[in-house]
Amino acid sequence: MALNLPSAHAAVPLLKIIDDPFTNSTSQHRTEVEPDTFAYGSTIVAAAQSGRFNDGGGSDIGYARSADNGVTWTQGTLPGITVQNGGSYQRVSDASVAYDARHNVWLISSVPITSSVTVPVVFVSRSTDGGLTFGNPVTVATGSTSFDKNWTVCDNNATSPYYGNCYTEFDNNADGDRLKMSTSTDGGLTWGPAKNTGNNATGLGGQPVVQPNGTVIVPSANASFGAIIAWRSTDGGATWSSTVTVAVVSDHATAGNLRSEPMPSAEIDASGKVYVAWQDCRFRTACKANDIVYSTSTNGTTWSAVTRVPIDATTSGVDHFIPGLGVDPTTSGTTARLGLTYYFYRTANCGTSCQLEVGYIQSNNGGSTWSAHTDVAGPFSVSLTPNTTQGRMVGDYISTSWIGGKAIGAFAVAQAPSAGSAFDQAIYVPTSGFTAAAGSFVATSGGDHAVPGAVSDHAAPKSPVRNR
Numbered sequence: 001m002a003l004n005l006p007s008a009h010a011a012v013p014l015l016k017i018i019d020d021p022f023t024n025s026t027s028q029h030r031t032e033v034e035p036d037t038f039a040y041g042s043t044i045v046a047a048a049q050s051g052r053f054n055d056g057g058g059s060d061i062g063y064a065r066s067a068d069n070g071v072t073w074t075q076g077t078l079p080g081i082t083v084q085n086g087g088s089y090q091r092v093s094d095a096s097v098a099y100d101a102r103h104n105v106w107l108i109s110s111v112p113i114t115s116s117v118t119v120p121v122v123f124v125s126r127s128t129d130g131g132l133t134f135g136n137p138v139t140v141a142t143g144s145t146s147f148d149k150n151w152t153v154c155d156n157n158a159t160s161p162y163y164g165n166c167y168t169e170f171d172n173n174a175d176g177d178r179l180k181m182s183t184s185t186d187g188g189l190t191w192g193p194a195k196n197t198g199n200n201a202t203g204l205g206g207q208p209v210v211q212p213n214g215t216v217i218v219p220s221a222n223a224s225f226g227a228i229i230a231w232r233s234t235d236g237g238a239t240w241s242s243t244v245t246v247a248v249v250s251d252h253a254t255a256g257n258l259r260s261e262p263m264p265s266a267e268i269d270a271s272g273k274v275y276v277a278w279q280d281c282r283f284r285t286a287c288k289a290n291d292i293v294y295s296t297s298t299n300g301t302t303w304s305a306v307t308r309v310p311i312d313a314t315t316s317g318v319d320h321f322i323p324g325l326g327v328d329p330t331t332s333g334t335t336a337r338l339g340l341t342y343y344f345y346r347t348a349n350c351g352t353s354c355q356l357e358v359g360y361i362q363s364n365n366g367g368s369t370w371s372a373h374t375d376v377a378g379p380f381s382v383s384l385t386p387n388t389t390q391g392r393m394v395g396d397y398i399s400t401s402w403i404g405g406k407a408i409g410a411f412a413v414a415q416a417p418s419a420g421s422a423f424d425q426a427i428y429v430p431t432s433g434f435t436a437a438a439g440s441f442v443a444t445s446g447g448d449h450a451v452p453g454a455v456s457d458h459a460a461p462k463s464p465v466r467n468r
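Just so we're aligned, residue 1 is where the sequence shown starts under our numbering, counting upward by one.
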């Protein structure tokens with residue numbers, strides 16, 4: 001259904017693709033948070049938490065699938081995980097979508113949560129009918145009480161020596177957020193042992209990508225959100241390197257009691273160039289607001305200087321956060337098409353009256369220049385979003401994927417609830433996909449320089465359920 005926008009700021013027609021079908025009394029209903037998407041061929045699958053609990057997870061994972069380049073969608077919920085849908089767990093979190101071209105299997109990974117709010121397993125749910133339906137989950141990893149922030153990717157490069165390998169990243173919060181990687185060679189049916197990085201690093205929010213030669217590169221936040229780090233495997237997941245620092249993070253604490261951390265959003269172009277984006281205030285005087293920034297690498301070991309996406313002037317006072325970066329996988333180098341969906345406040349110091357909006361911006365030349373930004377959705381009050389122990393929530397991450405030559409962002413939008421409901425927050429996509437703003441000027445961040453001494457003013461993350 002179409003979204004009735006609450007103001008004239010945004011003019012992009014939107015389509016609701018996932019809404020909350022549950023009615024259990026234990027969670028906040030008519031809420032959807034934290035979508036991920038993946039596209040392959042003419043099919044795109046999105047997944048998100050349905051029915052958010054205050055202290056972690058949702059009543060189930062809802063998903064939606066389009067087989068016609070994002071024009072029409074069908075939705076469902078993952079079976080066999082939570083008690084709401086034939087499983088034994090009370091709730092589940094952290095949906096991540098992948099596709100394995102060699103085995104023709106769609107995958108959605110997740111972490112189920114018990115009634116005592118422990119997380120003893122990492123799951124993957126499989127679809128063998130093009131993402132239309134999913135079976136009961138397969139176990140990726142066990143052996144802890146506190147797994148977190150899983151992410152799955154598959155090697156879809158037919159010339160790669162590891163074509164058909166799938167990789168799931170996660171962390172063990174009970175072991176200081178120890179970073180882990182597990183590998184499957186059979187379409188997600190079975191998974192190998194969880195392996196540490198070469199230096200036993202800690203962190204969370206890793207998003208693996210795979211180069212055409214089979215090298216897996218995993219950008220991530222470190223455990224304190226003070227830096228973006230990365231590591232890699234050149235042997236199909238048999239071993240993993242020590243981490244390197246991509247960049248130190250300077251993060252402005254988002255106003256309005258909104259849950260927002262400098263989580264990375266990682267993508268890769270057709271040549272194997274990796275892009276990783278995050279929210280960062282290094283270009284703002286006194287760290288008064290965040291930009292979306294990014295770094296690139298062709299090998300996972302050396303990374304470019306941090307570059308600002310020129311959405312607004314550094315003197316604007318606009319705060320940007322929760323990026324979902326997408327790279328057109330058919331493009332590369334100086335003609336790589338980048339699409340960035342993000343949230344923003346028009347005024348960073350909005351106090352208790354913050355109004356959330358969704359924006360989009362595009363580059364058609366690998367980030368050298370950018371279109372004008374497009375106002376996509378909002379404004380809507382932060383108070384309309386579900387509450388969590390870490391603040392009001394639209395998601396720790398959102399997503400943008402390219403399909404059929406267009407970018408499709410998936411994001412949560414809240415509206416004033418109807419009578420009898422406490423919330424009305426669902427996952428939306430642009431009805432016709434995103435394009436560069438009509439009549440847009442070309443913007444560049446050339447000449448921008450980080451403000452000397454800019455430091456993070458972000459509060460320390462909460463434990464022990466800090467990101468589920």
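For the record, the hints were derived by calculation from the structure and aren't laboratory data. Glycine is no exception: its CB is placed at the ideal position from the N, C-alpha and C atoms. Treat the hints with care, since some could be wrong.
Within a straight-line C-alpha distance of at most 27 angstroms, the following computed DSSO-like cross-link-like pairs (lysine-lysine) qualify [unchecked claim]: (1) LYS195 <-> LYS288; (2) LYS406 <-> LYS273; (3) LYS16 <-> LYS406.
Label pairs and their calculated CB-CB ranges [what the hints assert, rightly or not]: (4) THR239 <-> SER316: 24 to 30 angstroms; (5) PHE441 <-> THR285: 21 to 27 angstroms; (6) ALA253 <-> THR298: 49 to 55 angstroms; (7) ALA11 <-> VAL442: 20 to 26 angstroms; (8) GLY41 <-> SER116: 27 to 33 angstroms; (9) GLY41 <-> THR335: 20 to 26 angstroms; (10) ALA253 <-> THR444: 39 to 45 angstroms; (11) GLY453 <-> ALA419: 50 to 56 angstroms; (12) THR74 <-> GLY317: 38 to 44 angstroms; (13) PRO79 <-> ALA286: 35 to 41 angstroms.
### Query
Among the hints numbered above, which are violated by the structure, and what are their numbers in rising order?
Result: hints 1, 4, 6, 8, 10, 13 break, sorted rising.
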